[in-house]
Amino acid sequence: MLKILKYSFYDLMRSRWSYVYLAFYLLLGTVLLFLNNDLSKAVITLMNVIIVLVPLIGTIFGVMYYYNSKEFTELLLAQPLKRSSIFLGQYLGVAISLSMSLILGLGIPFILYGLFKSSAIWDFSLLLITGAFLTFIFTALAFNIALSNENKIKGFGYAILLWLFLAIIYDGIFLMSLIMFEDYPLDKLSLVGTMLNPIDLSRTLILLKLDISALLGYTGAIFKKFFGTNFGLIISFIMLIIWVILPTLRIVKKSRKKDF
Amino acid sequence: MKKQFVFLLAIFMAYLNNAQNIEVCNTCPIHTLKTAIEKAKDFDTITVKKGTYKEHDIVINKPLTIIGENYPIIDGELKGEIITITSGNVTVDGLFIMNVGTSYTEDYAAIRVRKSKYFEIKNLVLEKLFFGIYIEKSNYGKIFHNKVIGDAVEEYNSGNGIQLWYSNHIEVEHNHVQNVRDGIYLEFADNCSIKNNVSTNNLRYGLHFMFSNDDIYQDNTFENNGAGVAVMFSKKIKMYNNIFRKNWGTASYGMLLKEINDAEIIGNVFNENTIGINIEGSNRIVYKNNDFENNGWAIKVRGACYTNTFTENNFLYNSFDIAYNSKVNDNVFDKNFWSNYTGYDLNKDGIGDVPYRPVKLFSYIVNRTPETIILLRSLFIDIIDFSEKVSPVFTPDNLLDNNPLTKRIIW
Chain A
1 MLKILKYSFY
11 DLMRSRWSYV
21 YLAFYLLLGT
31 VLLFLNNDLS
41 KAVITLMNVI
51 IVLVPLIGTI
61 FGVMYYYNSK
71 EFTELLLAQP
81 LKRSSIFLGQ
91 YLGVAISLSM
101 SLILGLGIPF
111 ILYGLFKSSA
121 IWDFSLLLIT
131 GAFLTFIFTA
141 LAFNIALSNE
151 NKIKGFGYAI
161 LLWLFLAIIY
171 DGIFLMSLIM
181 FEDYPLDKLS
191 LVGTMLNPID
201 LSRTLILLKL
211 DISALLGYTG
221 AIFKKFFGTN
231 FGLIISFIML
241 IIWVILPTLR
251 IVKKSRKKDF
Chain B
261 MKKQFVFLLA
271 IFMAYLNNAQ
281 NIEVCNTCPI
291 HTLKTAIEKA
301 KDFDTITVKK
311 GTYKEHDIVI
321 NKPLTIIGEN
331 YPIIDGELKG
341 EIITITSGNV
351 TVDGLFIMNV
361 GTSYTEDYAA
371 IRVRKSKYFE
381 IKNLVLEKLF
391 FGIYIEKSNY
401 GKIFHNKVIG
411 DAVEEYNSGN
421 GIQLWYSNHI
431 EVEHNHVQNV
441 RDGIYLEFAD
451 NCSIKNNVST
461 NNLRYGLHFM
471 FSNDDIYQDN
481 TFENNGAGVA
491 VMFSKKIKMY
501 NNIFRKNWGT
511 ASYGMLLKEI
521 NDAEIIGNVF
531 NENTIGINIE
541 GSNRIVYKNN
551 DFENNGWAIK
561 VRGACYTNTF
571 TENNFLYNSF
581 DIAYNSKVND
591 NVFDKNFWSN
601 YTGYDLNKDG
611 IGDVPYRPVK
621 LFSYIVNRTP
631 ETIILLRSLF
641 IDIIDFSEKV
651 SPVFTPDNLL
661 DNNPLTKRII
671 W
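Those protein sequence lines, which keep their order, are chains A and B. Be aware that the first sequence starts at 1, since it is given in the numbering used here, and climbs by one per residue. Be aware that the second sequence starts at 261, since it is given in the numbering used here, and climbs by one per residue.
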């Protein structure tokens with residue numbers, strides 16, 4: 001598995017897209033800091049970008065990589081190798097190289113700007129950790145989609161739809177249901193609703209660490225407990241890990257049974 | 261020349277004889293404040309030397325001046341009230357008063373002024389207290405340069421720092437109040453002025469008005485209080501150049517206005533409060549030249565607020581600028597600077613060409629269903645806010661700033 005991971009990783013490191021991705025984040029980080037002059041403000045702006053863009057790029061990249069390297073995968077399948085290690089290796093290769101672009105691309109301008117002297121360092125590292133989690137989650141979801149669809153166009157379509165659903169439509173449905181059931185206590189429903197969507201989950205996780213969390217806490221005791229203590233932070237992290245593990249398990253399961 | 265001098269000296273001596281100076285110290289013949297007061301005649305001066313005096317229930321019932329040298333400690337040993345002033349023209353200066361008793365039936369205070377006039381309370385340090393300075397049915401007093409440091413933990417068994425009750429024309433200036441229930445509390449207190457005070461870390465309000473009219477408070481700082489400043493059921497209050505900072509918590513606000521009419525709120529700074537100003541049933545209030553910076557809600561209008569004017573304020577980086585819970589609007593917003601304004605200014609006169617709508621759809625939704633706040637900063641919310649901005653359906657359509665400024669106002 002490690003060899004395949006290494007191969008996928010180096011393959012991607014050489015590819016143009018990784019550099020474009022890296023350059024994009026470098027530019028974003030530099031411009032934000034240049035315009036804002038304030039680390040903590042820049043962290044909030046970055047959050048908005050990361051929450052939308054990282055899942056999108058993770059999904060598209062994941063699907064693209066799978067379809068592009070399909071022939072090579074089939075070649076590997078002819079060798080005496082475990083199927084799970086082939087696909088997991090590829091998946092980890094993509095996810096790690098994407099996270100690395102993200103972390104380096106945003107980290108370098110911030111470090112040059114003086115991150116280590118700033119109090120925003122924890123917020124910022126949380127931002128990067130969530131970004132990395134999102135990359136892992138959405139690449140895994142993309143691999144799932146690609147494994148289930150032979151048709152490239154269909155695969156891409158589903159991948160984009162998935163992103164659209166989790167980034168926008170889900171929140172719309174969520175909002176509507178909250179308004180529909182406004183006569184009932186909604187604390188638990190809204191928290192559960194957040195947990196079920198990795199994008200919402202990362203958004204709340206970052207908001208938790210920022211000052212705004214008090215805003216969220218005013219509605220009721222459960223919110224207050226969730227947003228006011230470390231309880232919320234721990235639960236959110238556990239949920240994120242589950243969100244990585246579940247799709248990965250499905251990759252293993254699916255790849256074992258798949259006909260090539 | 262010599263004669264004159266002798267004459268003056270004689271007058272001076274006579275004066276001294278008339279207004280005696282009584283010294284109190286631990287080793288003096290008079291070693292308690294109580295006996296000193298007993299022996300003193302009207303308009304005498306009592307000097308208290310450095311030391312510790314374990315006394316409580318000291319009643320000052322004649323016009324006296326009590327001056328502490330190097331902050332002598334008056335220790336009430338938690339037995340009850342420490343000093344009660346019942347006469348007019350009393351000055352208390354430079355004492356360190358501590359250990360006031362706590363009671364659930366009586367409001368024990370470190371120093372209480374009852375039915376007095378022209379009193380002066382200054383340079384006191386109060387610690388370990390229940391109530392600090394309690395002014396009761398007294399007029400024309402001055403409370404200057406005091407430091408009140410409480411250790412309140414819970415609201416029900418703690419008292420207020422400085423309390424004015426049925427007292428008019430009181431000046432409260434340069435005091436520092438912290439860790440009590442209400443920093444400064446006014447009930448039925450008219451024509452008072454509260455200036456240059458600092459009120460921090462209090463359990464409930466930094467400053468609290470109830471049924472008090474024609475008061476002015478200015479240049480005060482209120483920081484990190486349970487719920488900032490509450491102004492309730494009062495008329496014609498002037499609030500100038502105060503700073504409201506970090507009243508940040510689940511149920512906090514910088515300023516709470518409830519049933520306030522004809523007030524002026526000018527030149528204040530609201531920084532990092534959960535809610536900058538919470539307005540309820542308040543009419544004809546002028547808001548001018550205030551800075552609202554980094555608040556959760558800059559202004560939250562709850563209802564029954566009419567003919568208020570908001571002009572030339574700066575709204576900077578608040579999560580919500582204005583929250584409104586009705587579709588009716590009778591308040592005027594004009595010439596404010598909004599950091600969220602996205603319009604343009606083609607003729608470069610400093611006024612944006614497109615009106616600004618301060619109420620977002622999301623703030624309307626959050627008002628209706630508070631739990632939806634969990635969707636704060638979600639992409640979907642940005643999209644519906646944008647569409648509402650283009651064609652308002654839910655938010656009051658006449659609630660807009662027709663002349664939004666394009667540059668931050670500096671005054």
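Worth double-checking, as some hints may not be accurate.
[Said to hold, decoys possible] Each computed DSBU-like pair below joins lysine-lysine, with the alpha-carbon atoms no more than 30 Å apart:
1) A/Lys-209 - B/Lys-506
2) A/Lys-41 - B/Lys-649
3) A/Lys-41 - B/Lys-506
4) B/Lys-587 - A/Lys-41
The set of hints was computed from the structure by calculation and includes no laboratory data. Please read these numbers as outputs of a predicted model, since none were measured by experiment.
Hints and how they fare:
For the proposed pair A/Lys-209 and B/Lys-506, the alpha carbon gap of about 17 Å is at most 30 Å, so the pair holds. Under the criterion of a C-alpha separation no larger than 30 Å, the hint pairing A/Lys-41 with B/Lys-649 is consistent with the structure, at around 24 Å. A threshold of 30 Å between alpha carbons decides the hint, and for A/Lys-41 with B/Lys-506 the separation of about 17 Å falls inside it, so the pair holds. Straight-line distance between C-alpha atoms of B/Lys-587 and A/Lys-41 comes to about 33 Å, which puts the hinted pair past the 30 Å bound.
Of the numbered hints given earlier, the model fails hint 4 alone.
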